[in-house]
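Place chain U on chain S using the hints.
As given, the protein sequences belong to chains S and U, one line each in that order. Just so you know, the numbering used here puts 12 at position 12 of the first sequence, and the rest follows in order with no gaps. Just so you know, the numbering used here puts 58 at position 58 of the second sequence, and the rest follows in order with no gaps.
Some clues are possibly wrong.
Simulated crosslink set (SDA-like; lysine to any residue; CA at most 20 Å straight-line) [claimed, not checked]: (1) Lys23(U) to Lys50(S); (2) Lys50(S) to Met223(U); (3) Lys50(S) to His225(U); (4) Lys33(S) to Ile217(U); (5) Lys33(S) to Lys23(U); (6) Lys72(U) to Lys23(U); (7) Lys33(S) to Met208(U).
Each pair of labels, with its calculated beta carbon distance range [claimed, not checked]: (8) Leu38(S) to Pro169(U): 45 to 53 Å; (9) Leu19(U) to Val21(S): 16 to 24 Å; (10) Arg176(U) to Leu38(S): 40 to 48 Å; (11) Ala36(S) to Leu129(U): 22 to 30 Å; (12) Ala14(U) to Leu29(S): 20 to 28 Å; (13) Gly180(U) to Glu37(S): 45 to 53 Å; (14) Glu138(U) to Glu46(S): 45 to 53 Å; (15) Val21(S) to Glu162(U): 28 to 36 Å; (16) Ala14(U) to Asp39(S): 28 to 36 Å.
If you're looking for bench data, these hints aren't it; they were derived computationally from the structure. Predicted, not measured: the structure shown is a model, and the values here were computed from it. We put the CB at the ideal spot given by N, CA and C, even for glycine.
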Amino acid sequence: MDPRNFLYMFYGFAAAWLILVVYVVFLALRDRKLRAELDRVRRMVEDSEKRVP
Amino acid sequence: MREKIIFVLAGICAVILSLDLYKILLVLPNEKDQGAIYRIIYFHVPSIITGFTGFFVALVASGMYLATRNLKYDAFAAAVTEVSLAFATVVLATGMIWGRIIWGIWWTWDARLTSMLVCWLIYAGYMMLRRAIEEPTERARLSAIVSIFGCVDIFIVWKSIEWFRTQHPGPVLSVREGGGMAPGMEAPIYWNWVALMCLAAILVMVRMRQEDMSRQIDSLRRMAHTY
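For reference, chain U alone in the conformation it holds in the complex:
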């Protein structure tokens, strides 16, 4: 069943991405001031929404773990956080490449960029913490606490472009009342988000299968030690 869902999601993802790439590269015109480089937004913004959706899901799963002490929620939170961290890395990399052309610099300590880097470091710390603690319940409890704290930073990243008017552009999407893009230019962002969410779901399912295998290995090891 899991394999079937993975194939269906992979198909949806491939179709949407192919159509979107065609539209982004061959149909949409260059932006008046930025030229071709503005197209990075079609991966930058969907990646951050995918990443943040994942971190939020991990927050819910971590809260569920703390409420029920069921390790399945912890495994799910770990899987979702790891995948979301990959998307957060995409956001930082694509943003730096865009900044190199538009601002003339790879990096600046602007409020949005700095809070995003802090967010990345918090969740990278979450993954390191999980490797450092052997005892499963202690690992799950501390990871859940880090995940909950991490979500506070997500809110700061989200609002930073409204609170501080520094280097990073302000809201451009119409859903945030930015209104800086023509409707035809905005739609591929949402379609790419759907495609990346499908990809993220596939990666989480693969990662969950690995969590199942790890649990099986642990229980078999315990069984072997009883003989």
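In isolation and in its complexed conformation, chain S is listed as follows:
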């Protein structure tokens, strides 16, 4: 039996979770960016409404 067997099993588990964690981080960053953009556009609309006589 390959002596690296257990080590590569660990790599397999680690790779599976790393990919999912990277995706979750990517989602969290996009969430933050979208929230900031939503706030910015909301403020822009409010400013435009105030300027309309």
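Positioned in the frame of chain S, the structure of chain U alone reads:
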């Protein structure tokens, strides 16, 4: 309400995964020929079933979009496809690591591996296509067509181990009449699938919330331009 569902699903997922990890690592014995490395199957197979379930749901949502032209179905299909693509990536990565020990190589152009890579590329292309097209209805129409074509490849991936007897192992699960695993060794695969489906549902809900925010931003921008 959405937050409550997310917390419940996260709880179910954490409990099942903890119990399963305990069983996989501390209770189940090593496989006679493969040793410890066979345990990769407990994430490899549930990930592919989760991914393919997602791609199939995306196919239904894409069909619903083409039938109704309601952009909500398109947003749902996009969310599910993106999450399923993450699980498809897990399948390729874990399969390569298993192959390195069992076959002595990271990759081979075997029918199952090649069709799975093509599947991954089709859905990666789907995500790129969505970024490339600005106009929402055109983007939704073309994405739906790609999603429908992608599902043809899913069927090829699924059947490839029966049609072509090349390097990848044949069916091992009893539901596919493989019968290559003891019942006690097979059960954690299905439990892990339930856990990963819960995780996928959480990620789709988060992704759908982002789609809602994007729609809100677009409508507010249009409103701002009218002043």
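Hint by hint, here is what the structure shows:
1. Among the hinted pairs, Lys23(U) with Lys50(S) is inconsistent with the structure: their alpha-carbon atoms are about 63 Å apart, more than 20 Å.
2. For the hint linking Lys50(S) to Met223(U), the alpha-carbon distance of about 14 Å falls within 20 Å, and the restraint holds.
3. Among the hinted pairs, Lys50(S) with His225(U) is consistent with the structure: their alpha-carbon atoms are about 14 Å apart, no more than 20 Å.
4. Annotation: proposed proximity of Lys33(S) to Ile217(U) holds, straight-line Cα distance about 12 Å (limit 20 Å).
5. Simply put, Lys33(S) and Lys23(U) have alpha-carbon atoms about 40 Å apart, too far for the 20 Å limit, and the pair is violated.
6. A distance of roughly 41 Å separates the Cα atoms of Lys72(U) and Lys23(U); the hinted pair therefore is violated under the 20 Å criterion.
7. This hinted pair checks out: Lys33(S) and Met208(U) have alpha carbons roughly 15 Å apart, not beyond 20 Å.
8. At roughly 49 Å, the beta carbons of Leu38(S) and Pro169(U) sit within the given window of 45 to 53 Å.
9. For Leu19(U) paired with Val21(S), a C-beta distance near 21 Å keeps the hint of 16 to 24 Å intact.
10. In this structure, Arg176(U) and Leu38(S) meet the distance hint of 40 to 48 Å, their C-beta atoms being roughly 47 Å apart.
11. Taking the beta carbon of each, Ala36(S) and Leu129(U) are about 26 Å apart, inside 22 to 30 Å as hinted.
12. For the pair Ala14(U) and Leu29(S), the beta carbons lie near 23 Å from each other, so the given range of 20 to 28 Å is met.
13. The hint said 45 to 53 Å for the Cβ distance between Gly180(U) and Glu37(S), and at roughly 51 Å that hint holds.
14. Our hint of 45 to 53 Å for Glu138(U) and Glu46(S) is violated, since their Cβ atoms are close to 32 Å apart.
15. For the hinted restraint 28 to 36 Å between Val21(S) and Glu162(U), the CB-CB distance of approximately 34 Å keeps it satisfied.
16. Between Ala14(U) and Asp39(S) the Cβ separation comes to about 32 Å, which falls inside the hinted range of 28 to 36 Å.
Going down the numbered hints, you'll see the structure goes against 1, 5, 6, 14, while the others check out.
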